[in-house]
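Student: The primary structure of each chain is shown beneath.
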Amino acid sequence: MNHAVNEPRSYLDAPYGVASWLLTKDHKRIALLYLISITVFFLIGALFAAGIRAELMTPEGDLFTADMYNKLFTLHGVVMVFFFLIPSIPATLGNFLVPIMCGAKDLAFPKINLLSWYLYLIGATLTLGAVFMGGVDTGWTFYTPYSSMASNTNVTLAAVGVFIAGFSSILTGFNFVVTIHRMRAPGLTWFRMPLFLWAMYATSLVMILGTPVVAITLLMVGAEAALGFGIFDPRVGGDPVLFQHLFWFYSHPAVYIMILPGMGVISELVAAVSRKQIFGYSFVAYSSLAIAIIGFLVWGHHMFVSSQSIYAGLVFSIITMIVAVPSAVKTFNWTATLYRGSITWESPTYWVIGFIGLFLVGGLTGLFLGAMGLDVHLHDTYFVVAHFHYIMVGGGVMAFLGGVHFWWPKMTGRTYPETLGKISAVLVFVGFNLTFLPQFVVGYLGMPRRYHAYPEEFQILNVVSTGGASVLGIGYLLIIGYLVASMFKPRNATANPWGATGLEWDIPSPPTTFNFEIDPVVTEDAYNYAGRAQKTGDN
Amino acid sequence: MQSTFPLFPQAASSVASEVDLLYFFILAVSAFFAILVSALVVFFAVKYRRRHPDEVGHDIHGSIALELLWCVIPFVLAMVMFFWGASLYFTLARPPADAMDIFVVGKQWMWKVQHPSGVREINELHVPIGRPVRITLGSEDVLHDYYIPAFRVKMDAVPGKLTTMWFTATKVGTYHIFCAEYCGTQHSGMIGQVIAMEPQDYEAWIGGGRTTGTAVENGERLFTTMACITCHKTDTSGRGPILSDVFGSTVDLQDGRQVVADENYLRESIMNPQAKVVREFQPIMPTFQGTLSEENLLQLIAYIKTLKAPQ
Amino acid sequence: MHPAHENHGGHHPMLQHHFFNMGQQLEASILGMWVFLVTEVMFFGGLFMAYLLYRTLYPAAWLAGSHELNEVLGGLNTVVLICSSLTMALAVRAAQVGARMAQIVNIILTMGFGTTFLVVKYYEYAAKFEHHLVPGAHFDPTREPAQQLYFSLYFMMTGIHALHMVVGLGIMAWILYGAWKGHFNAEYFAPVEIAGLYWHFVDIVWIFLFPLLYLIGKHQ
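Chains as they are written, first to last, in the numbering used here: chain S, 1 to 539; chain X, 1001 to 1311; chain F, 2001 to 2220.
Check before you lean on any hint, since a few could be wrong.
Covered by chain F, according to a simulated footprint, are these stretches of chain X (three or more residues, beta-carbon under 8 angstroms) [stated by the list, open to error]:
no., region
1, 1265-1276
2, 1279-1293
With a straight-line cut-off of 27 angstroms between C-alpha atoms, the simulated DSS-like cross-links for lysine-lysine are [stated by the list, open to error]:
no., chain 1, residue 1, chain 2, residue 2
3, X, Lys-1171, X, Lys-1233
4, F, Lys-2121, F, Lys-2218
5, X, Lys-1161, X, Lys-1047
6, S, Lys-422, X, Lys-1047
7, X, Lys-1305, X, Lys-1233
8, S, Lys-111, F, Lys-2181
9, F, Lys-2218, X, Lys-1276
10, X, Lys-1308, X, Lys-1233
11, X, Lys-1308, X, Lys-1276
12, X, Lys-1276, X, Lys-1161
13, F, Lys-2181, S, Lys-25
14, S, Lys-25, S, Lys-111
Derived from the structure by calculation, the hints contain no laboratory data.
Since we're looking at a predicted model, the values are computed, not measured.
Beta carbons are placed, not taken as given, at the ideal position from N, Cα and C, and that holds for glycine.
Work out the full structure, taking the sequences as your base and the hints as a guide.
Tutor: See the structure below:
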């Protein structure tokens, strides 16, 4: 089985042709298909965000009509959450890396992997269809009874789109779980796995257990809006608060679908940029599982003023406070890993530092919202908007971009200009803080979210926020620009440009179709930098 | 109303400063950890920067003592925040017994207010300072949320049930009311003002208001015009239960359960009478869904609450 | 771990390239099916949650709604599905020992029972339409409004279950084709096994739906 007669070619080259891409079962090609699709949806979502920020430059609702504004923020939320953030790291970096890190030739179910991409496209197309047919104005949360009874927009179509995209997410998670359980190379025990695999495993559990619940919930809303069924309809005794329970049972854990993979990426990056074993490996690994599991029991903290029982609120509040601990553990361990490391100042380091800074703010502001008496004031204000953007964009997207910068040479065989990589990280970090720090202030002042027009005294902070968003936008466009440009240059990446450990760095950049010419056998822990240096020294 | 560029909201209710205190406590803890960790990250990244290309980090695997330390400290701090936040929340959830009752009904896109004296207003809310005010909230269509930032209180208005919130205004002034739960096209127009007044000014304002009878009087009229009175008599000859003293009492149901007759039970029994039928009565009452508005309902409930058995 | 470097020479024709051997492939498919069934449990779980809440809130409406269902037809369907589970299990067994004819017969029987179930369900649904028990504008206005909740959940739960039966019949047709071609034997029976897991799951959902929907208050 060792070497084929012909030198094996990279997955990018063989086979050739459009059909070979659209019908590919190669996890690496599917990762790239996903990367292109989510970038398109990121740009669409960003366009909606630009509309929102432009409207909020002035207190009067003068740029768009109220109706148009409501559709803008709804579609911004729907597109960014369901069609960008949730698939972002799992479907791109995860698809690319999970089999390679396992030492496998592919995911357990390659055809299902391709199916998941097509389901994503179908769901996305239906949702875009809802946009072209006049939009949706319910907010991404689809709260009943507004969504099922009052809104005359394309709620059913959008809900069906999200429903179908949900299945693509389930199938991704399902494939990862089976792959990590059954496809690991000989010697790759659970506690030798790279932490990215632990994070993807925890994420997959959330996808598998949570997504079906939101799917059935949206189906109930759809049946109510389209057929006149009355499951959440107060006129027949239905309870709108039940919808909120079912919705947040998924949508709170969904936040962990967005951030856990980011934590996994950062764990890889911290080890690689400091060439050091992760401090407290097993604590970081278990904390991913803890977050995934405890994260299922905190959904009611979205409902402290919803008329939910105050005793239920107590339970949700205390568990919310507890789930802060594993996140804190991770942050401390990343910091401790840097101690006495050998830290490079190449572009991935900039993303790591940016991530830790923004994630800290995002995580800590979660404590304000978990404390019930304070949440009463902060609920549904811009404080909440700022908080979840710090987690999902400051955390999730920073980590995603860091991961893309780190593995780009592996995925494409190309390098990008280092200086631009650093400039863009700084631009994104500064632009992000300018955009969202003022929103904490304006939120505590009491500005509610989803407001088309607002009192004059909030204007200055909103203008700063819009200014920051422009910087942020330039940062993102710059990244897309130089990464796309790099694709038109000759392949110049070495197999292991960062001097990192991990199975993915032992194979060529870009890898061949079946990843490994010789089935790998793992004989050491992850991040064994010291051990490797020892070995090199001995030789 | 406020300066043109405020950075911190006015505090004009009895709980506002307590909420702010918790806010500053969590802010201080957060700032400490954010600065500590950020400083360490940058310091390490500079101090231990790579000196030559083949260098690797020290072989350090972890420390159980440190892990325990940074599990326990965040846990303890989080628990302090939990208990503090929870006790504040219980204060906010439990109105004092002597609170004055004001009814507020949200509908797309306005707030309809009725004072105990029967005076009504739309989008404005006049309240006396120094006296607890309990707001009973209903909704005629979709979810809304009554939010007064200067008082640090908010509560959802949920169609199909009644919710409550309370506050004691402490400073004379005019403050924002926002709808904080997205409710459709004019959501950001569903705003208003609280006007907190000296008690004597409030009395004067109430006295000058137009009124079509107090809430209780209106409820009493509805009790007759809606023919409630034909079945709910004051003696046992009626086909429905006697309503004297029913509010706050424990009611035995046909299926063996017991419920406390609070506002939500009364509301449900009018809108969906078959849901909880009182023991030894027939499920013959028609629903008043669609017949009674949320305001009418609140008036009826206000009346039923006043019914007392003759001594 | 897996016995890695073996039998790459003499591939089984059904071994996919990314697995080491047939054992790993079988384990992966079966684990995959179980994981999928977990998602199915959560999917139905949302409906059961709504059922639980509303049944507690409106016991009278639930009792009245349940009296409108035909427990004889429901009971018949329960028996039909239990029989189909038996023939499904026999089909899996037949695949494991490579008995081609027994596979074909048992799969056809399973499909027959499945179809019977759907036909009976059709007659039940038709009766609900006649009696104005379908929620929405045409719902019998003399009934207590909360009964609409009961019938909304009845149609959602049994409708989604019936949809699963239809998908199951599709899967059975595909398995039947494989059995006809003689694909399944002691070395390669994973498709039959996982199709069987799916079929049993759909049956079990009905075992919960039947008493929850049809038998409320029937002991009185």
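Student: Give me the numbers of the hints this structure contradicts, sorted from smallest to largest.
Tutor: The structure conflicts with hints 3, 5, although it agrees with all the remaining ones.
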